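Residue 199 in numbering that gives the first Met the number 0 sits at position 200 of the sequence shown; the count goes up by one each step and never skips.
These are calculated hints, taken from the structure and not from any lab test.
Note that this is a predicted model, so its numbers are computed, not measured.
There could be a bad hint or two in this list.
[Said to hold, decoys possible] Mimicking DSS-like on lysine-lysine, the simulated pairs with C-alpha atoms at most 25 Å apart in a straight line are: (1) Lys220 - Lys76; (2) Lys85 - Lys242; (3) Lys55 - Lys40; (4) Lys384 - Lys372.
[Said to hold, decoys possible] Derived Cβ-Cβ restraints for the label pairs, each shown as a range: (5) Ala210 - Tyr60: 34 to 44 Å; (6) Met355 - Asp304: 24 to 34 Å; (7) Met355 - His159: 19 to 29 Å; (8) Glu5 - Ser82: 29 to 39 Å.
Note that the Cβ used here is the ideal one computed from N, Cα and C, for glycine as well.
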Amino acid sequence: MSQFDEIHNRLNTNSVKWDTLSITYGKEGLLPFWVADMDFKTSPAISKALSTYVEKGIYGYVTVPDSLYDAIIHWQKQQHHYSLNKEEILFSPGVVPSLVTVINALTNENNAILIHDPVYHPFTDVIQNTKRKRIVSDLLEEGQLFKMNFKDMEDKIIQHHVKLMILCNPHNPGGRVWSKEELRQLGELCQKYQVIVLSDEIHQDIVFEPARFTSFQTIDKNFEDFSIVLTSATKTFNLAGIKNSMLFIKNQQLRDKVQAIQAVNYQAEINTFGLIATQAAYTEGKAWLDELLPYLKNNIDFTCDFFAKHLPKVRVMKPQGTYLIWLDFSAYQLNDDALAEKLIQEAGVVLNAGIMFGPNGTQHCRFNIACPKKQLVQGLQQIAKVFN
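Make the full structure from the sequences, and use the hints.
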């Protein structure tokens, strides 16, 4: 039996994914397939490193060791052919806080920021909360994959004088891993109009053959001048609660501006447990990841086959990366509230409502398959029973 087949009881652990459901929906026994964390134990190497530190019993201030920088540099080089130097790496509590920091550092109120639709919903939140102007370019769907509409993006960059674009690669919620050619076209477009690219690459390690992840800054040396990469070990190794992420900034002027805002907000320090877990993940976690990826791929294949066989009216976007599947329920002609009600109150499962990812997400849902297969099968059967 795979280590990922083991069922772990996460109730009464203050889990956002599990413990909020009965309060939110007034119903016990709901199965969660929503918020993007996994129902698997992390790498034993990470648990061991954390346990060793806990046993010391003293948790005072710490410095960031060179060994952490070395681990990050080695991981990015080996996994993604991405070369970094120590000074190009900044730390932050999380990718979303990093979005806020960069927006405040590099744009002004009422400046236009471009995002896709659908896309990870905090992009919209941080743009609105920092009083910037959100500009949206709808993704196209071709061959059950999302594609960028470069003509629409260029028109909107010109029309609204866009200053910054937030890219999601791999894409959440569609699981699209953007190709080198697409990233080059995007980079050349943003370079032409002096648009800064903020590339959220937190799902970079969860990619399935034959897709290949490519970091934006590796496409062209010139792209380093107008881009920032955000990432973390947290999605890959199921460490969301440790609160640690990285910003990779090669352009000195951009880096100075971001560091200035970090200094104002005291946001450059990271959680000690995040520091330890990240280093352990990148130095000793590869074998665990090599076991995880086929398990996730099997869950994805099983889910896609299940819908094709039992719920063919649901259009499934098979992801190239991430453990998230984008489902189109529009054939059932239910509005978003009715769809959520049917899934939660009748099927007893909680998915992310597609509408939260943008207007194009109406009548869609995001399905998190990162759980033991037995749990996945149960959830799928409950959905099929209700919709059939």
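Next on the checklist: For Lys384 and Lys372, compute the direct alpha-carbon distance and say whether it is at most 25 Å.
Outcome noted: holds, 18 Å
Item to check | Hint check for His159 and Met355 - Cβ pair distance inside 19 to 29 Å | outcome: Roughly 24 Å apart at Cβ, these two residues keep to the hinted range, so it holds.
Item to check | Ala210 paired with Tyr60, Cβ distance criterion 34 to 44 Å | outcome: Since the Cβ atoms of Ala210 and Tyr60 sit about 42 Å apart, the hinted range of 34 to 44 Å holds.
Item to check | Agreement of Lys55 and Lys40 with the hint, judged by alpha carbon distance not exceeding 25 Å | outcome: holds, 23 Å
Checklist entry - Within 25 Å, alpha carbon to alpha carbon, are Lys85 and Lys242? => result holds, 20 Å
Next on the checklist: So if I understand the rule, the pair passes when the alpha-carbon distance is 25 Å or less; does Lys220 with Lys76 pass?
Outcome noted: holds, 16 Å
Checklist entry - Lying within 29 to 39 Å: is that true of the beta-carbon distance Glu5 to Ser82? => result holds, 38 Å
Checklist entry - Does 24 to 34 Å hold as the CB distance between Met355 and Asp304, or does it fail? => result Hint holds: Cβ distance 27 Å, inside 24 to 34 Å.
Going down the numbered hints, you'll see the structure goes against none, and every one checks out.
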